[in-house]
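Here the protein sequences line up with chains A and B, keeping their order.
Residue numbers for the first sequence follow UniProt numbering, so the first one is 1 and each next one is one higher.
Residue numbers for the second sequence follow UniProt numbering, so the first one is 1 and each next one is one higher.
One or more of the hints may lead you astray.
Interface residues of chain B toward chain A, partial, derived using beta-carbon atoms under 7 Å [what the hints assert, rightly or not]: (1) Ser426; (2) Ser433; (3) Leu434; (4) Gly435; (5) Ile445; (6) Pro448.
These stretches of chain A come out as covered by chain B in the derived footprint (C-beta under 8 Å, 3 or more residues) [as the list claims (entries may be wrong)]: (7) 71 to 81; (8) 96 to 102.
Since the hints were made in silico from the structure, they are not lab data.
Beta carbons are placed, not taken as given, at the ideal position from N, Cα and C, and that holds for glycine.
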Amino acid sequence: MLRADDLVFAYPGQGEPYRFTLEAMPGTVTAISGASGSGKSTLLDLLAGFIRPTSGSLSLDGVGLLSLPPETRPVSLLLQADNLFEHLSAAENAALGLPRGTPKADGKARVATALAEVGLSGFEDRIASNLSGGQKQRVALARTLLRDRPVLLLDEPFSALDDETRKTTRELVGDLTRRHGWHTVLVSHHADDIAALAEAHYRIVDGRLERA
Amino acid sequence: MLTLPRRPLRIATATGLTLIIAALIVAVLWAILDAATGASGGSRVDLAHLLRMTALQAGLTMVLSLGVGVAVAWALNRLRFFGRDLVVGLFAAAIVTPGMVVAFGLLSIWGRNGWINQAAQSLFGFSFDSPAYGLSGILIAHVVLDGAFAARILLARLDAIAQSRLKVGQSLGLGAVQRFRLIDWPAMRGSLPGLGAIIFLLAFTSFPIVLLLGGGPANQTLEVAIYTAVRLDFDLAGAVRLALTQIAVCSVVILIASAFTPVPSALSRSAQPNWRDARPVRAVQWLVLVLATLGFALPLLNVLYEGLAGGLFRVLEQASFWRATATSVIIGASSAALTLALALVLALGRSATAQRVGRTLLGVPAYAYLAVPAVVLSLGFFLLVRALGVPSGAAAPVVVVIANSLLSLPFAMATLGPPLDAVLRSRGKLIRSLGLSGWQQFTAIEYPLLGRDIGLMLALAFCFSLGDLGVIALFGTQDFQTLPLMMYRALGSYRSNDAAAIAALLLIFTIAAFVGLPRLIERIAHAPRR
Ligand SMILES: Nc1ncnc2c1ncn2[C@@H]1O[C@H](COP(=O)(O)OP(=O)(O)O)[C@@H](O)[C@H]1O
Ligand SMILES: [Mg+2]
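Work the whole structure out from these sequences, hints included.
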């Protein structure tokens with residue numbers, strides 16, 4: 001279980017600080033909603049380690065995470081856009097998720113498997129800038145598969161997609177979460193995303209998380 | 001925020017390099033100051049007059065070049081025609097065109113025996129006072145070069161105007177004047193102070209053009225005066241006084257300039273809707289463009305014509321020409337490579353630094369050398385090497401390479417810095433959370449993205465060094481000379497056919513390098529990627 005307990009944080013000059021408490025179960029999607037500017041991305045930054053809380057605790061299965069820098073946290077990240085390096089191919093982008101020192105041949109096979117799992121077999125050599133929005137998000141998900149970290153943080157990952165694509169991409173996220181037992185935290189302000197995917201739902205109101 | 005990947009090695013290397021460069025500057029300044037206290041007085045330098053003339057010349061150059069730049073950018077932004085890219089490329093090349101070559105080309109058109117006077121002679125039987133010498137000549141040459149440079153930079157601002165803004169303007173039916181006032185001017189205005197400061201500095205420190213066209217002590221820059229004091233009058237005390245004044249004035253200008261936003265180097269273009277101005281306005285635009293293109297291209301074409309027609313074979317037969325060519329190319333290549341290494345270390349370290357103070361400090365090496373122009377720098381090295389007891393002949397090649405790369409460094413940093421910063425701004429979180437190593441980050445992400453910029457930077461540094469006269473002028477000897485120095489000596493001994501041929505070849509080498517190097521490097525950078 002991913003557990004944040006009273007994480008306190010304020011940007012310089014901010015009056016009342018954020019205080020975040022949340023639990024996320026393995027193999028499930030936990031949704032976060034809230035008005036724009038309410039602090040959703042700030043919450044994900046705290047979980048990913050890009051900013052440090054002034055107090056509180058954060059743990060995964062009882063192991064504290066706060067002392068870890070972003071690169072070693074058991075966390076993968078998927079943002080609304082800019083998830084790929086546009087000049088690299090789909091395979092090269094996905095391969096950035098492989099552990100360092102993976103042998104070449106082994107890596108190639110694993111990249112192919114991961115791309116297949118997100119439905120992008122045969123797109124290995126396509127340059128990222130020539131992929132559609134939905135395909136880009138899938139490549140990023142393939143990279144997440146290869147990294148295989150137990151926590152997946154998604155910040156409005158479907159916002160830039162058309163209705164049809166958002167539906168299939170969202171189903172893919174649900175599938176992968178269940179299959180790999182990830183603790184997925186999804187920021188979204190779309191009620192139907194939340195209804196379709198989330199087992200638990202929090203709303204940010206006045207800087208705090210409320211169960212919805 | 002911890003969104004920047006942690007790169008202690010990059011920061012440490014860049015900091016070390018900054019310290020080394022700072023130490024070098026201090027040593028150079030110390031050498032100059034030391035010589036100043038050691039030398040006896042009695043210098044014949046008229047500092048007040050020099051300062052007044054140089055400031056007047058640089059101020060006029062700045063105002064005229066900005067005016068020309070705005071007009072040409074405006075015309076080029078509007079007009080669509082076959083060969084437009086070529087014209088834009090021509091103006092872009094202004095930044096690397098050796099001042100020697102432009103000055104020479106202007107002389108052959110406007111000079112005493114230039115086209116214009118010859119035409120006047122044969123048509124009307126009299127000749128003009130040549131405007132190519134003195135203040136007017138210097139101004140013409142500077143405005144040709146710096147006006148073209150300004151036009152290229154300002155055109156980039158106009159070409160980057162958002163499509164939506166143009167569509168709104170077009171649907172409102174704005175006239176040509178309103179369009180300029182409401183859309184073009186706001187897009188250019190922000191660049192003018194920084195651009196103006198750069199042009200002022202370029203003109204204030206101008207060396208070869210003033211040396212060739214100044215026509216004596218009445219119209220000098222501090223740079224030329226320093227050169228004259230050292231090389232011709234052996235007046236070291238005077239040279240040192242001039243150098244210190246030069247550094248002081250340039251530092252003030254840079255301080256003022258740095259208060260404004262710098263000239264953005266990104267040349268992004270938005271697809272522009274086809275929105276033509278009214279017919280009479282378009283006629284004005286064509287007139288501006290034709291005059292500007294002729295003004296810039298004619299002197300250069302004339303250099304090619306005279307050089308290739310006249311003494312080409314005589315020059316090609318001289319062993320000293322091939323030696324000078326080899327020296328020029330080796331020095332250019334070495335200083336381009338050194339510039340790349342310095343700029344990469346500094347820019348990578350700087351982009352990995354989040355704090356303002358750190359970023360400013362790592363940017364200092366670039367700015368410091370803007371304040372210490374070529375002749376001052378080489379004077380400092382000259383004195384330093386002498387103080388260390390090294391024979392100046394042995395130190396010359398090394399000093400020339402170092403001085404040339406340090407002079408290119410500001411342009412190199414301005415080329416490499418913004419794309420590196422942009423990568424980390426948009427993908428920093430991603431790189432950090434993926435835990436990529438610094439090596440992976442460089443080879444997989446930064447290097448392929450920089451391919452074109454690295455090529456551009458190498459080309460700039462190579463061409464600057466190829467056209468340099470300021471550094472080599474103090475260190476050159478009969479056995480150690482580059483093409484510009486050889487050309488200058490040919491002019492000095494009235495072998496103007498030789499000078500013309502060298503000028504033409506220098507121009508061809510410069511354009512070839514400027515056009516070819518970026519393409520070559522981009523090829524290499526992308527080669528392993530199918
Ligand atoms: N680096 C920052 N420094 C200061 N304030 C910030 C910073 N980042 C975000 N904020 C502010 O914090 C609030 C929450 O931002 P954010 O978490 O991005 O909101 P959301 O993702 O819910 O739209 C906003 O008011 C925003 O302006
Ligand atoms: Mg947000």
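List, from low to high, the hint numbers that the structure doesn't satisfy.
none
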